[in-house]
Structure formats: structure tokens, C-alpha cells
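Given only the sequences and the hints, what does the whole structure look like? Please build it.
For the sequence shown, my numbering begins at 1 and goes up steadily by one.
Check the hints yourself; a few may be wrong.
[Said to hold, decoys possible] Straight line, CA to CA, 20 Å or less: simulated EDC-like cross-link-like pairs of lysine to aspartate or glutamate:
| hint | residue 1 | residue 2 |
| --- | --- | --- |
| 1 | Lys112 | Glu158 |
| 2 | Lys112 | Glu201 |
| 3 | Lys217 | Glu323 |
| 4 | Lys334 | Asp226 |
| 5 | Lys217 | Glu158 |
| 6 | Lys334 | Glu323 |
| 7 | Lys334 | Asp345 |
Quick caveat, the hints were computed from the structure, so don't treat them as lab data.
These figures come from a predicted structure and were not determined experimentally.
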Amino acid sequence: MNDDVGNAPRRLRGGFTTGTCAAAAAKAAAIVLCGERDDVREVEVALLDGTRETLPVESVGRVGEQGVAVVRKDAGDDPDVTHGSPVRASVQFTAHGDVAFRAGPGVGIVTKRGLSVPPGEPAINPGPREMIRRAVREITSRPIVVTVSIPGGEVLAEQTFNPRLGIEGGLSILGTTGRVRPFSCRALRCAISCAFSVAREAGVTTPVLAPGNIGEKSARRFLRLDDEQVISVGNEWETAFACLRDLPATGVLLWGHPGKLAKLALGIWDTHSARSPSAVEALRRLFPECRFEDVPTAEAFFAGWDSTRRRAYAQRTAQAIAERVAGVLPSSLKIAVGLIDLRGDVLGCYGAMSLWPTIRTFE
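Laid out in C-alpha cells, this is it:
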């Protein structure tokens, strides 16, 4: 039976990683460079999961001493920032060595320790490097330099974790199997793990965890923080707490809007709206004495009080969050919670806030 019939869910279409696209482009470029063909329309590459796949080649040619090819990224049904982007590889023979890698426009350079690629190297992860190496070695055994570019990657990178991870100038070339699994949270979890790794290498002992940009910007506005100290975790609190256990931390601060953080008071570690109850429900359980008939959001709940009661309710909420989170973290870890409104202004705090020096007063 077709999955699209009736009310049955549509089968989600998988895709390929930027690493697979780069490998395919590099192979096509090598074919042209070696003079085998100049009309390459598709190439077969070996994926890291042991299979082989054929990818279409959008354009190919020779420019001076280089072979150049473009493969357009198809992420399938995964909401991927690089979906539809052209991945360009240029290859050129060199005098010695094996397969060397360079970052072209739109591909970042690693600047911080703690990632799988050392500082100063192109942000081409080990998996894609191996795929690219295998792909060009199917065509030539001569020493060769592969330059990978993604036009527009500098702008796209601002929508990723790369700026926080110390990857400058563009995107990373990624892939652990070579395939994109549709709607997988794996990439986000990997990015969170990388952020903790960078923090560990930077000597961070009092990280600040924020659910998103509002929390991160607010934390930096009020607190004196190092670049690596703030880690954006999205909805993946279980992943964040698992990574936190491996960090030599003395304290942790959760800083963000109660629309996300209040859910933690119920022991809900995946705060995505599609997979968790409303934050209003969490507040209703925390404050059964309050009326919630006309309270559609957490923002509305706190906005409906005078400043004194607003702060009191925020502090009680922060305390409930801290106490629930303490149950899944090491007892030696000091925990603090700061709640903010949508403007980033502080509603209330609880816990060992003295571990995080302030830039400006908020209480």
C-alpha cells in the first residue's frame, strides 16, 4: 500500500550530507582533471555506512590546472539549513603528500580546541575527509589538494552553532554516515556535545545553558561571561544534562524564558511544543491558587502581576526548576535559574547566582 493513500503518514525522504556532496563533487572534479571525461553527469561514491550511492553532478569543468564540479545538496525531508545549496569542489595536483584539504568560500575554519578537527584546519569533519579521500583515490593515486566551497555559506552559518563553536567564515562539512535521516535531532545533539567539548577545553567550570537566542543574548547582557561559557541547548535538555555530567563544573545556570524553562519543573527534558505540554500547564500546577482562564502564555501570566508579585512568582518558579533539575545532576553541582521575559529583562532568579558576576544590576 502507498504511504500517501488516505490518512497514512507520508514516507519521509532521506537525503545526503554535505560530506557526501563534497565527496561526489571531488570525484567528478578529479575525473575531469585526469582527462577521463569532461561530461560527467553523475558519480557513485562510497558512504561511511558501507553502501554506495549515485549522486547527480550539476556542473563540471576544468579551470586552468584545476578540475571543478558542483553537486547540489538534497537533504530530503530534513529541515536542513544547507538544503538546496551548491557544494563545490576543486581539485589540483600537488608535488607531494596524500590528499590535502582547503576551505573555500563559505566553508569555515576551526579556531578553538575541543572539536574533532584541530584549530587552523578547514571545518571538514573526519568522516567527510575519509569519504573525499576514498572518492578521489578511486580516480587517481597522485598527491592532490581538494578545496571545498559552499557559495553563501558565510550567511547560512549564522543560522547554525558554528559561531558559538569557534568555527569562523562559514559552514562545516558534516556527516557520520553520509546520509541525512529526515527530521532527526541527531545534528542538534551533536552540536550541543561539541559546544560542551569546546567549553571543557576552554576551562569553563560554570556554564550557562540557554534554550535559545533570547536567553543567550539576555545572559550576555546582564552577566560577565566568556564566549564559550554560554551553551544554547534548544529543547534538548536531556542531552545537555548528560554532557554536563562530563564537564568538570562547579555550578550551572539555566537562563531563559519560562515558556521553555517552566516545563523543566515537571521533569520534562524535551521542551519542544509538539512533544510537551504548554508551559502554562506547568505554571498551573506550580500555582494552583492562581486563575488561568485568560492566561494563554507564560509571558501573559507574569505580565499580569505587579512587580512585587511578578518577582515572587518568578522566584518560586525558578526554585521549582532548580530543585527538579538537581535530581538528575551531581549533588556537588551548584544550580541557579534565571527567568526572563521576551524582552530579555529579568523576572526573577534562584540559587547560587554569585557564581556569575553581573555587568548590571537586575534585582
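Here is what the structure says about each hint:
no.	hint	result
1	Lys112 <-> Glu158	holds, 17 Å
2	Lys112 <-> Glu201	holds, 8 Å
3	Lys217 <-> Glu323	violated, 25 Å
4	Lys334 <-> Asp226	holds, 19 Å
5	Lys217 <-> Glu158	holds, 15 Å
6	Lys334 <-> Glu323	holds, 11 Å
7	Lys334 <-> Asp345	violated, 23 Å
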